[in-house]
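Asker: Here's the letter readout for the chains.
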Amino acid sequence: MIRNYLLVAVKVLWRRKFFTFISLFGISFTLLVLTVATSFLDHTFGPHAPELKQDRMLGVYTVRLTSDDGSFQMTDKPGYKFLNEYVRTIPSAEKVSIFSDFTSTATYRKGEEVKLYIRRTDGEYWEILDFEFLEGRPITREDEQKANFVAVINEATREKLFNGESAMGKSITMEGQNFNIIGVVKNAPIIRMTPFSDVWVPLSTFKTSGYKETFTGGFMAAILAKSEQDLDLIRSDFKANLTKVQLPDPKKFPRILTGADTYFESFARNLEGGADDPRTGTLISILVLLAVMFIILPTINLVNINISRIMERASEIGVRKAFGASSLTLVGQFIVENILLTIIGGLLGFILSSLVLSYINNTGWIPYAQFGLNYRIFIYAFLMMIIFGIISGVYPAWRMSRLHPVEALKGGMK
Amino acid sequence: MIQLENIEKVYRTDTLETVALSGINLSIRKGEFVSIMGPSGSGKSTLLNIIGLLDVATGGKVSLNEKVVSSHKDRDLANLRNRELGFIFQKFHLINDLRAIDNVEIPLLYRNMSYKERRKMAEEALEKVGLISRTSHFPSQLSGGQQQRVAIARAIVGKPKILLADEPTGNLDSQMSDEIMNILKELNQQEQTTVIMVTHDKRMADMTDRIIRIFDGRQVA
Ligand SMILES: Nc1ncnc2c1ncn2[C@@H]1O[C@H](COP(=O)(O)OP(=O)(O)OP(=O)(O)O)[C@@H](O)[C@H]1O
Ligand SMILES: [Mg+2]
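Those protein sequences? They're chains A and B, same order as listed. Quick note: the first sequence uses full-length UniProt numbering, first residue 1, plus one each step. Quick note: the second sequence uses full-length UniProt numbering, first residue 1, plus one each step.
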């Protein structure tokens with residue numbers, strides 16, 4: 001029966017080439033936009049190298065100091081002192097890393113300036129993240145303790161400075177400091193707050209130790225939990241630590257708002273103006289709403305096309321009913337047609353998406369971005385397509401099933 | 001074989017009430033060739049559609065093979081239409097973008113049947129109406145008479161016991177009409193198919209066993 005449905009569906013779609021083309025265009029274009037958007041989200045929030053342990057990672061990315069009534073506020077990156085005293089000491093954490101935000105710097109190659117981003121890290125950073133090393137080794141806790149002037153660079157920098165040849169044993173000079181290159185890693189995209197940089201060096205190579213006294217500014221922390229179940233424990237341990245915080249200016253800013261967040265929560269927290277608890281639910285609702293609004297227009301369009309397609313075929317439906325097709329059979333036939341159309345459109349959309357994404361990757365709009373399609377995106381987009389197919393097929397099919405055979409043969413509908 | 005008791009059909013809209021049929025009592029035996037005559041708008045098509053289970057009467061009982069079918073569900077009605085009945089329309093109602101043989105095959109699609117069996121039966125039906133040489137033609141490539149013969153092949157392909165024809169020759173010239181009539185007569189005589197035909201044409205009606213006359217929704221003879 002299904003085979004028969006499919007054969008008839010293929011025939012019908014082939015017969016109505018113009019209609020089929022319009023529908024396929026609408027479906028694949030919708031999917032294209034959805035997939036590209038999903039890929040962006042996935043790339044920003046999903047687990048990608050080098051953050052493979054993301055499911056048990058949290059970060060402290062911002063602190064906000066406010067007056068009691070919230071009228072004075074100051075939002076900044078956390079400072080080293082704050083992180084060292086209140087994050088490093090979270091008892092339930094397996095590992096905590098403190099590292100600087102990336103800042104721009106430059107080096108010189110044959111007298112020409114090469115702009116680079118630099119980040120200073122501890123040894124734990126390299127234990128928590130799973131960077132893929134093209135050569136050499138990471139910065140270790142010992143490098144950090146002994147203030148070794150060593151650097152890890154990324155693939156793009158090796159390309160710029162050494163034409164892609166091995167960087168082992170070579171050195172790099174930035175702001176008057178000279179570092180031995182000990183490792184080369186794969187590029188991480190700029191949209192990932194934690195891993196992104198061009199050059200990494202130990203924290204202790206700062207020119208002065210003044211950074212150790214800052215409460216706010218310039219640093220972040222990554223927290224690795226022993227297991228996913230421990231994440232909530234870490235959050236509450238951090239909250240407990242926060243009650244003991246010695247604030248730098250308690251008269252002006254008696255309150256501190258921060259938390260141990262996932263990327264998604266941190267994004268939600270910022271979106272809501274640094275609320276106390278990030279309401280990820282709101283952000284998810286906004287994203288779903290956007291997706292739904294985006295799907296609704298083409299759906300209405302497809303519903304209309306489908307209805308006029310049915311009206312055009314009213315006499316055919318009358319004939320089929322007169323010769324023994326039940327309403328249910330015809331509805332089934334119609335839905336199979338629609339699902340087939342949606343699947344073909346969906347596949348086309350996927351092919352288009354991968355072309356568009358690789359185009360975006362190649363233009364370098366987003367440094368080191370490697371947008372791609374993976375099974376997560378495929379599943380999300382596929383679910384959306386099924387919803388799309390059902391909504392756009394069911395209503396017209398229902399209208400059709402109510403078509404009276406005699407009226408249908410007259411070519412009309414009440 | 002077909003029994004109508006006190007059939008009534010009223011079309012109601014908010015402002016208008018049209019009595020299309022009232023007090024129709026009819027009994028048609030197996031193998032009969034019956035014609036229905038009457039002026040335009042008298043209710044002939046309505047009556048035929050009710051007999052053919054395409055339309056539902058607003059009052060009375062319809063029985064087929066001694067079974068009351070008036071209260072059947074959509075699926076059972078569809079099944080009866082598929083197995084027991086075959087329709088021929090004045091306007092042929094062929095599906096334009098299907099070839100003749102695909103059009104003929106339609107009733108068989110709603111039975112459990114392999115592609116090969118369907119092809120074989122469809123070819124046999126086309127052979128009976130003398131169109132085996134036109135199986136791959138599209139309706140637009142056929143004359144009116146040929147199109148109606150394809151429509152007849154479609155009506156008989158499932159070997160129904162009852163053929164219902166609503167002015168089957170209404171759109172055809174007299175020579176083609178005779179051809180169609182001959183096919184119907186042959187089916188009636190050789191295969192004992194019951195045929196019920198609506199017609200305006202006295203000459204056609206005279207070739208049938210019995211004439212049912214309808215006037216203003218009532219049976220007059
Ligand atoms: N859908 C409808 N709504 C309201 N009235 C209808 C409807 N269909 C038919 N009628 C009315 O029912 C009556 C019978 O119509 P029917 O089509 O059965 O006539 P007919 O005898 O077949 O006429 P003709 O010879 O012109 O085909 C007519 O008066 C018509 O106006
Ligand atoms: Mg009529």
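Keep in mind the hints are simulated off the structure, nothing from the lab. Glycine is no exception: its CB is placed at the ideal position from the N, C-alpha and C atoms. Treat each hint with caution, since some may be false.
Simulated restraints on C-beta separations [to be verified]:
id : chain 1 : residue 1 : chain 2 : residue 2 : range
1  : A       : Lys-11    : B       : Lys-116   : 13 to 21 Å
2  : A       : Val-10    : B       : Arg-83    : 21 to 29 Å
3  : A       : Ile-22    : B       : Val-56    : 32 to 40 Å
4  : A       : Leu-271   : B       : Arg-12    : 33 to 41 Å
5  : B       : Lys-120   : A       : Ile-387   : 41 to 49 Å
6  : A       : Ile-360   : B       : Val-56    : 57 to 65 Å
DMTMM-like, lysine to aspartate or glutamate: derived pairs with alpha carbons at most 25 Å apart [as the list claims (entries may be wrong)]:
id : chain 1 : residue 1 : chain 2 : residue 2
7  : A       : Lys-410   : B       : Glu-124
8  : A       : Lys-410   : B       : Asp-14
9  : A       : Lys-17    : A       : Glu-312
10 : B       : Lys-161   : B       : Asp-97
11 : A       : Lys-11    : B       : Asp-201
12 : A       : Lys-17    : B       : Glu-17
13 : A       : Lys-410   : B       : Asp-216
14 : B       : Lys-185   : B       : Asp-209
15 : A       : Lys-410   : B       : Asp-76
16 : A       : Lys-410   : B       : Asp-97
17 : A       : Lys-410   : B       : Asp-209
18 : B       : Lys-73    : B       : Asp-55
19 : A       : Lys-11    : B       : Glu-17
20 : A       : Lys-212   : A       : Glu-127
21 : A       : Lys-17    : A       : Asp-55
22 : B       : Lys-161   : B       : Glu-84
Asker: Are the hints correct? Go through all of them and say.
Answerer: Comparing the hints with the structure gives:
1. Taken as a hint, the range 13 to 21 Å holds for the pair Lys-11/A and Lys-116/B, whose Cβ atoms sit roughly 18 Å apart.
2. Between Val-10/A and Arg-83/B, the C-beta spacing of about 28 Å keeps the proposed range 21 to 29 Å intact.
3. For Ile-22/A and Val-56/B, the hinted distance range of 32 to 40 Å is satisfied, since their beta carbons lie about 37 Å from each other.
4. Hint check: Leu-271/A to Arg-12/B, Cβ distance near 59 Å, so the stated range 33 to 41 Å is violated.
5. Separated by about 43 Å at the C-beta atoms, Lys-120/B and Ile-387/A satisfy the suggested range of 41 to 49 Å.
6. In this structure the hint that Ile-360/A and Val-56/B lie 57 to 65 Å apart at CB holds, the actual value being about 60 Å.
7. Of the supplied pair hints, the one linking Lys-410/A and Glu-124/B is violated, its CA atoms being roughly 30 Å apart against a limit of 25 Å.
8. In summary, the hint linking Lys-410/A to Asp-14/B is supported, as the alpha carbons are separated by about 22 Å, within the 25 Å threshold.
9. For the hint pairing Lys-17/A with Glu-312/A, the CA-to-CA distance comes to about 14 Å; that is within 25 Å, so the pair holds.
10. Between Lys-161/B and Asp-97/B the alpha-carbon distance is near 29 Å, which puts this suggested pair outside the 25 Å criterion.
11. Using a Cα cut-off of 25 Å, the hinted pair Lys-11/A and Asp-201/B is violated, with the two alpha carbons roughly 40 Å apart.
12. Among the hinted pairs, Lys-17/A with Glu-17/B is inconsistent with the structure: their alpha-carbon atoms are about 44 Å apart, more than 25 Å.
13. With a C-alpha separation of about 21 Å, the suggested pair Lys-410/A and Asp-216/B falls inside the 25 Å cut-off, and the hint holds.
14. Only pairs whose Cα atoms come within 25 Å are accepted, and Lys-185/B paired with Asp-209/B is accepted, the gap being roughly 10 Å.
15. For the hint linking Lys-410/A to Asp-76/B, the alpha-carbon distance of about 23 Å falls within 25 Å, and the restraint holds.
16. Among the hinted pairs, Lys-410/A with Asp-97/B is consistent with the structure: their alpha-carbon atoms are about 19 Å apart, no more than 25 Å.
17. With a C-alpha separation of about 30 Å, the suggested pairing of Lys-410/A with Asp-209/B is violated against the 25 Å cut-off.
18. The suggested pairing of Lys-73/B with Asp-55/B holds, with an alpha-carbon distance near 13 Å, which does not exceed 25 Å.
19. For the suggested pair Lys-11/A and Glu-17/B, the alpha carbons sit about 43 Å apart, so the restraint of at most 25 Å is broken.
20. At roughly 22 Å between alpha-carbon atoms, Lys-212/A and Glu-127/A fall within 25 Å of each other, so this suggested pair holds.
21. For the proposed pair Lys-17/A and Asp-55/A, the alpha carbon gap of about 47 Å is over 25 Å, so the pair is violated.
22. For a cut-off of 25 Å, the pair hint linking Lys-161/B to Glu-84/B stands: about 5 Å separates their Cα positions.
Of the numbered hints listed earlier, those contradicted by the structure are 4, 7, 10, 11, 12, 17, 19 and 21.
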